[in-house]
Amino acid sequence: MPSKGPTATERFINGIIPENPLYRNLLGLCPALAVTNGMKPALTMAGATAFVLICANVITSLLRNVLKPHLRILVFTLTIATFVTIADRFLQAFMYDMSKILGPYVPLIIVNCMIISRCEVCASKQSVGVAFSDAVGVSLGFCLGLASIATVREILGSGTWLELRVLPEAWPNWGIMVLPPGAFLTLGLLLGGWNWYNARREAKAS
Amino acid sequence: MEYIASIVLISVGAALINNFVLHYFVGICPFVGVSRRVEMAFGMGCAVTFVISIAAFLSWTFTYFVTRPGAPVTSWIWGMVNPGSEAVVDLSILNYIIYIFVIASSVQFVEMYLRKFFPALFKAFGIFLPLITTNCAILFGCLEIMKHITGASSPAEMWGLDKALVFAVSGGIGFAIAITMMAGIREELDLCDVPKPLEGAGITLLVAGIMAMAFMGFTGVDRGLEALLLK
Amino acid sequence: MRTTTTHAAKLTFPRGIHPPEHKELAETRSIEVIATPKKVAVPLLQHLGAPCEAVVKTRDMVEAGAVLGSSDAFISAPVHSPIAGKVIKAGVCTLPNGRHVPTVPVKADGDQLEGDAVWDAVFGGDWPTSGLDAHTPEAIVQAVRDAGIVGMGGAAFPTHVKLTRNDAKPIDTLMINGCECEPYLTADDRLMREASAAIIAGAILAARAAGAERVMIGIEANKPEALEAMTSAAAGTGVEVVKVKTKYPQGGEKQLIMATLGRVVPTGGLPLDIGVVVSNVATSAAIAGAVLRGRPLTHRVLTVTGKGIAEPKNLLVPIGISYGEIVDACGGLTPDAVRVVAGGPMMGFSIGNLETPITKGSSGVLVLTRPEVDRAPETNCVRCGRCVDACPLNLVPTKIALASRHGDWELAKKYHALACMECGCCAHQCPASIPLVQLIRVGKAALSV
Amino acid sequence: MAEQTPTPAETPKPTIEVAPSPHLSNTHLTTRRMMLDVIIALVPVLIMAVWVFTWYAVLQVGLCVLSCMAAEYLLACRLRGRPSSLGDLSAAVTGVILGLSLPWSAPWYVAVIASFAAIGLGKVVFGGVGMNIFNPAMVGRAFVMISFSVVLGSGAYVMTGGLEVVSQATPLTAGKMEAAVIELWPLFVGNVNGSLGETSAIACLLGGIFLLVRRTASWEIPVSLIATVVVLAAGAQLAGVYPNLTVAHHLLGGSLLFGAFFIATDPVSSPMTVKGKFIFGAGTGAAIMVIRLFSGYPEGVMFAVLLMNGLVPLINNWTVPVPFGGPVPERK
Amino acid sequence: MTKDQSGNLLGQAWLVLCLSLAFGAALAGVEIGLGPKIAENKRNETFGQIPSLVPGAASETSTEAVMDGMAVFEARAEDGSQVGWVVPAGGQGFADRIEILVGLDLPAERITGIYVLAQKETPGLGDFITDEERFRHWYRNQSTDPPLEVIKTEPQPGTGKIMALTGATISSDAVTDIVNRSVAEFKVTLAGSPAASGGA
Ligand SMILES: Cc1cc2nc3c(=O)[nH]c(=O)nc-3n(C[C@H](O)[C@H](O)[C@H](O)COP(=O)(O)O)c2cc1C
Ligand SMILES: Cc1cc2nc3c(=O)[nH]c(=O)nc-3n(C[C@H](O)[C@H](O)[C@H](O)COP(=O)(O)O)c2cc1C
Ligand SMILES: Cc1cc2nc3c(=O)[nH]c(=O)nc-3n(C[C@H](O)[C@H](O)[C@H](O)COP(=O)(O)O)c2cc1C
Ligand SMILES: Cc1cc2nc3c(=O)[nH]c(=O)nc-3n(C[C@H](O)[C@H](O)[C@H](O)CO)c2cc1C
Ligand code: SF4
Ligand code: SF4
Ligand code: SF4
Ligand code: SF4
Ligand code: FES
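Protein chains in written order, with numbering that gives the first Met the number 0: chain A, 0 to 205; chain B, 0 to 230; chain C, 0 to 448; chain D, 0 to 331; chain E, 0 to 199.
You may find that some hints are simply not true.
DSS-like mimics (lysine-lysine), calculated; alpha carbons at most 27 Å apart, straight line [stated by the list, open to error]:
(1) A/K39 / E/K119
(2) D/K274 / C/K443
(3) A/K39 / E/K186
(4) E/K119 / D/K175
(5) C/K168 / C/K22
(6) B/K230 / E/K119
(7) E/K160 / E/K186
(8) A/K39 / B/K146
(9) A/K99 / E/K36
(10) B/K230 / E/K186
(11) A/K99 / A/K39
(12) C/K88 / C/K22
(13) D/K274 / C/K413
(14) E/K160 / D/K175
(15) C/K38 / C/K56
(16) E/K160 / B/K146
(17) C/K413 / B/K122
(18) D/K175 / B/K230
(19) D/K175 / E/K151
(20) C/K106 / C/K37
(21) E/K36 / B/K230
(22) E/K119 / B/K162
(23) B/K146 / E/K119
(24) E/K151 / B/K162
(25) C/K106 / C/K38
(26) E/K160 / B/K230
(27) C/K37 / C/K9
(28) C/K22 / C/K37
(29) E/K41 / A/K99
(30) C/K56 / B/K122
(31) A/K99 / B/K162
(32) C/K9 / C/K244
(33) A/K99 / B/K230
(34) B/K146 / E/K41
(35) A/K203 / B/K162
(36) A/K39 / E/K36
(37) C/K412 / D/K274
(38) E/K119 / A/K99
(39) D/K175 / C/K9
What the hints contain is simulated information worked out from the structure, not anything from laboratory work.
Sequences are here, hints too, so could you generate the full structure?
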C-alpha cells in the first residue's frame, strides 16, 4: 500500500533540524524545561520519549487502515499511556535514582503533544517504515533540543558536562541555571538565537 | 489548628511557592500559546482550575479505593475471589491509563454539562476545554495526588480527599495567576520594541524566567505561616 | 435625558498645566485698526456646518457689509464683504486647518472707512445695557444669523444655532468666555478692556435669546485690568463677572463650566445638555453689533505676537485679509522667525503660506523663533505619567498615542481616545518629546470613520 | 515643507516650517534631566555608603555603573544597532541603584554579571529604555542573588576583620535570628551593616524627598508602600511574630526606604495612573512584609518589586481612568 | 483509508477490545517481570543505608516494625541481633519537605548518624545537607539529650552542637529540628513499649 507524503529519509532528516520539534514547532516544552538541569536526566528523558514515540508511531501506522477517525485518538492515547507505563517501570527497575529525579515527568510523556502530533501527522497516514524513521528522526531532534539546553545549564550551573568537570574549580557556579528561572531564560535565549540564525540564513539565501 | 496549618501549607505551596508553571513547568503550552489576551488567559485559567478539581476528585477516588496497594474495593473483590488470600493487591500500574481517561472524560462531561446548563459560562470558556485534555498540568495534579497516596511514608500522612482537592484548586489558581499575569505583560509587549528573533515564544519564556525569579521570593512562606499558625 | 453632576465651583478644574504666558509681548498694546487692504479674499466656509454658495458674480460691485455668500442650511452662517469694491475671479485657499475652501476675492474700490472710523463703527460709541427687552428672542436670533456670527473662540460654530431655544433642553446660564488661556494671545484681554460695554450688551441679548436667567463672564486672574473693566461695565446689569484661576486650558468650555458652575459636561455631549451656552467675548460683542447696529460680522480683533515678529500688536482687521499683510503691518518677520501659527501656541495650526486669509475664528498670529519651538529629540516613552497628570480630561495620552502608533484601534478606544479635545497639555509636558497630540489625532480619525 | 514668505524685499527671508500643535513644550523636562535628578537624589546615599563602607562602596558602585554602560553600549547599540542611548543616563541610574543594592563584599564578577543581566535581560530584550516591564536593576540583582546565594546571602555581609560595622549581622537578620534588641539610632543614621545604599534612613529620606519635590518620582508609591508596611508591621508586632522587630525596625532596617523612594518609583516599571500607583505601592508593601515575616529570606524588597512589576500591566488594565465627563458614548 | 473495512462498528469494537487485552497483557508481563526488582529498589533505598547509619548493622537482616503507630526500622547485625534503631522522619525545609533517616543506638541515647532521603534545597547551598563531609558528620555520636543546637562557628565534635552550613542556616536548622523532634518522639514511644525495647 503506497503511502503519500514525504519519504522515510525525508522524514528522518526533517525531524532532526529543519522541523525540530522543540525549536521549530514548540512541542514538548514542559520536559525541555523540567529535566534539563543536567545532561544525564535530559538524555534519559530523551531516551524514554524516543521509546514511547517509536512504539506509538509504529503501532499507529500498523492500525492506520482499520480505525475510524473518532476511535483513533482513543487508541493513540491508550497506546501511549501503555508504553509510558512500561518505560516508567523500566526506569524504576533499572535506573531507580534517575527515575526519582525525573519524577512525574516520565508519566507526563503521555500528554506530550509531540507524540500525538507525530501520530496524527505522519503515522496515521504513512507506512510503518516511514513512521519508524519519522519517529527516530523526531526523537533525535528532541534529544538534540534537550541536550542543547542541558549543556548550557549544566556547564554554567555546575561547571560540568555529563558530570565531567569542564570548567575550572574556581568557576563560580551560576546557581540560577539549575533552578527554574534558569530553564526559562536558557530556552528563551536559545530560541532567540535559533530564530536569529534562521532569519539570517534565509536572508542570505534570497 | 494543625489541620488548618496543613491546609494552608498545601494551598500556599501549590499556588505560589511551587507554582505549576513557574516551578514545575507544567502547562507550559497553554502558558505560551493562550497568553496573548488577558480575557483568553483568564478563561483558560478558570477552565484549568475547574477541570483539575474534577479530575482530582475522580483520580483520588480511583487511586484510594481501587488501585493503591491494599485498596478497599480491590481487596474486597480479591477476597471474594480468593477467600483467605493474604496477598496485597496492587493495581497502581494502571494509574496512568486511568488518569488519562479520567481527564478526557471529565473534560467531555464538563463540556456537555456546561453547554446544557450554563450556556453563558460555556461561551466564556467552553472553547478552552478541548485544549485542556492534553494539558499536562491536569495530569500532573493527578500524579502529585497519587504520590501522596501511594508514596506516603505512613498512613497518617496519606492525603484525604480534602487535601487532594485543596491541592488541585490551589494549583489551578496558581496557574490562573501566572497565565493572567503573563497575558497582561504580553499585551503590553505588543506595544514594545522586542527584538525580532525573540518575538512570541522567546520573550514569553524570558518573562517567565523573570517571573520565576520573582516567585522565588515566596520560598519558605508556607513554613513561616505554618509556624505562625501552630504557635 | 442626562443627569447633571454638580460639584462645588472651585474656580478651577483638575489637572491642566501652567505654560509660560508671554502675554507681556502684546498685552499693553491697545487695539489698532489696520489700514484697509487693497484686496480681501473671503472664504465661503469659515464655520462648522454647511458651506455658503457665492451670491455675487465676478465683476459685481459690492458695498461694505454686503452679503457675498449664504446657505439655506440651518447650521451655517452667511459671509459678508468687509470693504467696498469689486468682486474678482473666484479663488481657492487652504485654511490653516487644512481645508481647501473657495473664496470670494474683493478688490477695494471706492470709499472705505479708515482708522478710528472703523473702530467707532464696530466697537466705539455707547452700548445700552438696559432696556434691551425690546428685542424679542426671535429677532435676536434672526439678527445674529443675518450677521453671519459664528463662535470667535476657535470652533467657529454658528452662534444662532446655540441661541435658538429648544424646549427639550432649557438653558439656565449663558457663560461668556473671557479666559483667553492660550499663552501669548491678548486680543480678548484688550477687547474686554476697550469694548466692555459692547460685550455686556451682547451677553444680555444672547441670554435673552437663549432664555438664560443667569449671565456669567469667566476671566482668568492674570487679566486684572480686563476684570476691572468688565466689573464696572457689568455693574447694575445683573451680569456676574467671575475671576477664575489662571491655568491652561481654563478657557475650554468644559473646564470653564466646571470652574464656575461645578457642572460636568458629559463626554460627547454639549454644554447645552446641562443647560449652559458658552460664547467667547468677541462673539458677544459681535452679537451686540448685529442686534443694536445691524452690523454683519466683517471685522475681528486679533493678536499678532511672538518673538519672531518685529512689533507685536493687537489689531482690528477685516476678515479676508491675508496673514502676510498682517505680518507686514507689524513690521514683518524677524530674521530668526521659524514658525507662523494661526491661533495660540497650544492649539493653533502652523501655516506655510502667508497668502492664507484670516477667518472669523482667527484669534491670533503667532510667530515663533527657534529657541521657542525647539524640543529635545524624541525618545521612547518612559511611562513617567506626566501626560496623565496633565490631561484635563483624565485620559492616558501615552496609551492612546502608543495604540495609534501601532494601529491598535481597539486599545485606543479602550482608553477613550475620542474624548480628547487636543488641548496639547500632554505633549507640552512630555519629557520624551513624543508628539502625543498628533498621534492621538490619528487615532481619533481612525475611530470616527 | 519649508516655504519662502512674501516679506518686504529689504528684510532677509526667514524659512517658515510647518509642525503640528502644540508649538510649545516644557523644555526643562527631559528624560535625561529625570535621570540626573535620580543621581542627584542618590548623592546623600552615596556619601553615607562611602562613610560606612569606605572605598568598597566606590568600587562596587563604580564597577556597576561602568558595566551597565558597557552592557548598554554592547547590547543595545552594537548588537541591536540602536542609536546610542548612553546619553539619557538611564543605564547609569540602573548601575548606581544596582551597585547600592549589593553588599560591599560581593566579588567583582557578581557586579559585572548583575549589570549585564540587568541591562540585557531586564531592558534590552524588551526594546530598551522605557519598554521594560521589570525593574532592570532588580532583575540583575535577583539574577546574581539566585546564582551566587552564598556570596550574596545574609552570610555575605558579616565578615570578621576589615571594616568595623560589618562584624555585626544585618539588622533584619539579627532581629530574626538573635535575641538581642537592636538600637534604632544607628539604623537612622546608617552606621550599621547592610547593602551599600540601604543602611542610612536619613540619607534615603533626604534623597527621596528631593525626588518627590521635583516630581521626578510620584509621591503615591512611597506613601502607600510605607503606610502598608507600617500597618502590617504593627499587626505583626501585636501578633508577636519576631518580637525583636518593631514597626520602627521594619521601617528603618533593611532596604525599605531605599526601595520605596528609589526602586518602586521607577516610572517605567510602575503604573501610570494615580489609582494604579496606590495599588502598586500597597501591593509592594504587602509583599515585602509577607516575605520578611514568613519566607526564608530576611528582606523582600527585590522580590516584592519584581512581583508587582509583573502585575503592572494588569493594574493599568484595571485602572483605566474614566474621562472627565464620563466614557465616550457608543455610536448608534 | 479503506471505507469497507473501517465501516463495521462491531469490528472496531472488537479491535479496541483486543488491543486493550494485548496492552493489558503487556502491562501484566512488565509488572510480573519488574515488580520484584522495583520493590527491592524501594527497600534498598532505606535498608541500604542502615549499615552506614548504625555501626555493625546489616541491611539484609534488618527489619521493619510499627511501634505505637510509628514506623521504624530495627537495625540488626548479620546474626540477627538488634544493634540499634533507624527512625524515618520528615519536615519542611527551606524549599520543600526534607525526609531523613536517623540512626540510633539500642537504648536511643546516642545518634549514630543521619541520612537525607529526599530534599529539594537549593543546589550548591541547602543541598549540602546531604553531604557527609560538609554536614551530616556533625550528627554522629551526639547524645540525644539535651536536644541538638545549631551554631555558626565550628564546635567540638560530639558536644551537642551542629555547625550550620554557610548561607544555609535555615536548612541546617530544619534538619536539626526534624532530628530533635523525631528522636524525642521515638524515645517516648520506646519508653512506652518495654516489650520492644527488649530487642533481639
Ligand atoms: C453638530 C453640533 C451641534 C452643536 N450644537 C451646539 C449647541 O447646541 N450649543 C452649543 O453651545 N454648542 C454647540 N456646538 C458647538 C460646541 O458646543 C462646541 O463649541 C464645539 O463643538 C467645539 O467646542 P470648542 O469651541 O470648545 O472647541 C455644536 C457643535 C456641533 C458639531
Ligand atoms: C483647550 C481649549 C481651550 C479653550 N480656551 C478658550 C478660551 O480661552 N477662550 C475662549 O473663548 N474659548 C476657548 N475655547 C473654546 C471654548 O471651548 C468654546 O468653544 C468657546 O468659548 C465657545 O464660544 P464661541 O462659540 O463664542 O467661540 C477653548 C477650547 C479648548 C478645547
Ligand atoms: C537563591 C537562594 C537560595 C537559597 N537557598 C537556601 C537553602 O536552600 N537553604 C538555606 O538554608 N538558605 C538558603 N538561602 C539563604 C537564606 O535566604 C538565608 O539567607 C540563609 O539561610 C541564612 O543563613 P546564613 O545566616 O547562614 O547566611 C538561599 C538564598 C537564596 C538567595
Ligand atoms: C524615580 C526613578 C527611579 C528609578 N529607579 C530605577 C531602578 O530602581 N532601577 C533601574 O534599573 N532604573 C531605575 N531608574 C532609571 C530608569 O527608569 C530605568 O533604567 C528604566 O527602567 C530603563 O528603561 C529610575 C528612574 C527614575 C526617574
Ligand atoms: S505535550 Fe501538550 S503541552 Fe506539552 S508541548 Fe506538547 S502540546 Fe504542548
Ligand atoms: S487661545 Fe485658544 S484656547 Fe485660549 S482663549 Fe483663545 S481660543 Fe481659547
Ligand atoms: S490633548 Fe487630549 S489627551 Fe492630551 S491632554 Fe489634551 S485632552 Fe488630554
Ligand atoms: S509624558 Fe511622555 S514620556 Fe511621560 S508617560 Fe507621557 S508620553 Fe510617556
Ligand atoms: S502543558 Fe506541559 S507539555 Fe504541554
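Checked hints:
1. Between A/K39 and E/K119 the CA atoms are separated by roughly 18 Å; this keeps the pair inside 27 Å, and the hint holds.
2. Under the criterion of a C-alpha separation no larger than 27 Å, the hint pairing D/K274 with C/K443 is consistent with the structure, at around 26 Å.
3. Restraint check: the Cα-Cα separation between A/K39 and E/K186 comes to about 42 Å, which exceeds 27 Å; the hinted pair is violated.
4. As the CA atoms of E/K119 and D/K175 are separated by approximately 24 Å, the hinted pair is consistent with the 27 Å bound.
5. Among the hinted pairs, C/K168 with C/K22 is inconsistent with the structure: their alpha-carbon atoms are about 38 Å apart, more than 27 Å.
6. Note on B/K230 and E/K119: the hinted pairing holds, with a Cα-Cα distance of about 26 Å set against a maximum of 27 Å.
7. With a C-alpha separation of about 20 Å, the suggested pairing of E/K160 with E/K186 holds against the 27 Å cut-off.
8. A C-alpha spacing of about 24 Å is found between A/K39 and B/K146, which places the hinted pair at or below 27 Å, so the restraint holds.
9. With a CA separation close to 15 Å, the supplied pair A/K99 and E/K36 stays within the 27 Å bound.
10. A threshold of 27 Å between alpha carbons decides the hint, and for B/K230 with E/K186 the separation of about 24 Å falls inside it, so the pair holds.
11. At roughly 13 Å between alpha-carbon atoms, A/K99 and A/K39 fall within 27 Å of each other, so this suggested pair holds.
12. As the CA atoms of C/K88 and C/K22 are separated by approximately 40 Å, the hinted pair breaks the 27 Å bound.
13. As the CA atoms of D/K274 and C/K413 are separated by approximately 17 Å, the hinted pair is consistent with the 27 Å bound.
14. For the suggested pair E/K160 and D/K175, the alpha carbons sit about 20 Å apart, so the restraint of at most 27 Å is met.
15. With a CA separation close to 16 Å, the supplied pair C/K38 and C/K56 stays within the 27 Å bound.
16. For the suggested pair E/K160 and B/K146, the alpha carbons sit about 35 Å apart, so the restraint of at most 27 Å is broken.
17. Proposed proximity of C/K413 and B/K122 is supported: the alpha carbons are some 23 Å apart, at most 27 Å.
18. A hinted pair counts as satisfied when its Cα atoms are at most 27 Å apart, and D/K175 with B/K230 qualifies at roughly 16 Å.
19. Proposed proximity of D/K175 and E/K151 is supported: the alpha carbons are some 15 Å apart, at most 27 Å.
20. Distance restraint check for C/K106 and C/K37: the Cα-Cα separation of roughly 6 Å lies within the 27 Å cut-off, and the hinted pair is therefore satisfied.
21. Of the pairs offered as hints, the one joining E/K36 and B/K230 is violated, with about 45 Å between alpha carbons and a cut-off of 27 Å exceeded.
22. For the hint pairing E/K119 with B/K162, the CA-to-CA distance comes to about 21 Å; that is within 27 Å, so the pair holds.
23. Among the hinted pairs, B/K146 with E/K119 is consistent with the structure: their alpha-carbon atoms are about 16 Å apart, no more than 27 Å.
24. For the proposed pair E/K151 and B/K162, the alpha carbon gap of about 38 Å is over 27 Å, so the pair is violated.
25. Proposed proximity of C/K106 and C/K38 is supported: the alpha carbons are some 4 Å apart, at most 27 Å.
26. At most 27 Å may separate the alpha-carbon atoms for a hinted pair to count; E/K160 and B/K230 meet this at roughly 25 Å.
27. At roughly 49 Å between alpha-carbon atoms, C/K37 and C/K9 are farther apart than 27 Å, so this suggested pair is violated.
28. Of the pairs offered as hints, the one joining C/K22 and C/K37 is violated, with about 31 Å between alpha carbons and a cut-off of 27 Å exceeded.
29. About 11 Å separates the Cα atoms of E/K41 and A/K99, which keeps this hinted pair within 27 Å; it holds.
30. Restraint check for C/K56 and B/K122: the C-alpha separation of about 67 Å exceeds 27 Å, so the hint is violated.
31. With a C-alpha separation of about 23 Å, the suggested pair A/K99 and B/K162 falls inside the 27 Å cut-off, and the hint holds.
32. The hinted pair formed by C/K9 and C/K244 meets the criterion: a straight-line CA distance of about 9 Å does not exceed 27 Å.
33. With a CA separation close to 35 Å, the supplied pair A/K99 and B/K230 exceeds the 27 Å bound.
34. For the proposed pair B/K146 and E/K41, the alpha carbon gap of about 14 Å is at most 27 Å, so the pair holds.
35. With a CA separation close to 58 Å, the supplied pair A/K203 and B/K162 exceeds the 27 Å bound.
36. Taking the CA atoms of A/K39 and E/K36, the gap is near 22 Å; set against the 27 Å cutoff, the hint holds.
37. Using a Cα cut-off of 27 Å, the hinted pair C/K412 and D/K274 holds, with the two alpha carbons roughly 20 Å apart.
38. Our distance criterion of 27 Å between C-alpha atoms is met by E/K119 and A/K99, whose separation comes to about 12 Å.
39. Between D/K175 and C/K9 the alpha-carbon distance is near 52 Å, which puts this suggested pair outside the 27 Å criterion.
Comparing the model with each earlier hint shows violations of hints 3, 5, 12, 16, 21, 24, 27, 28, 30, 33, 35 and 39; every other hint is respected.
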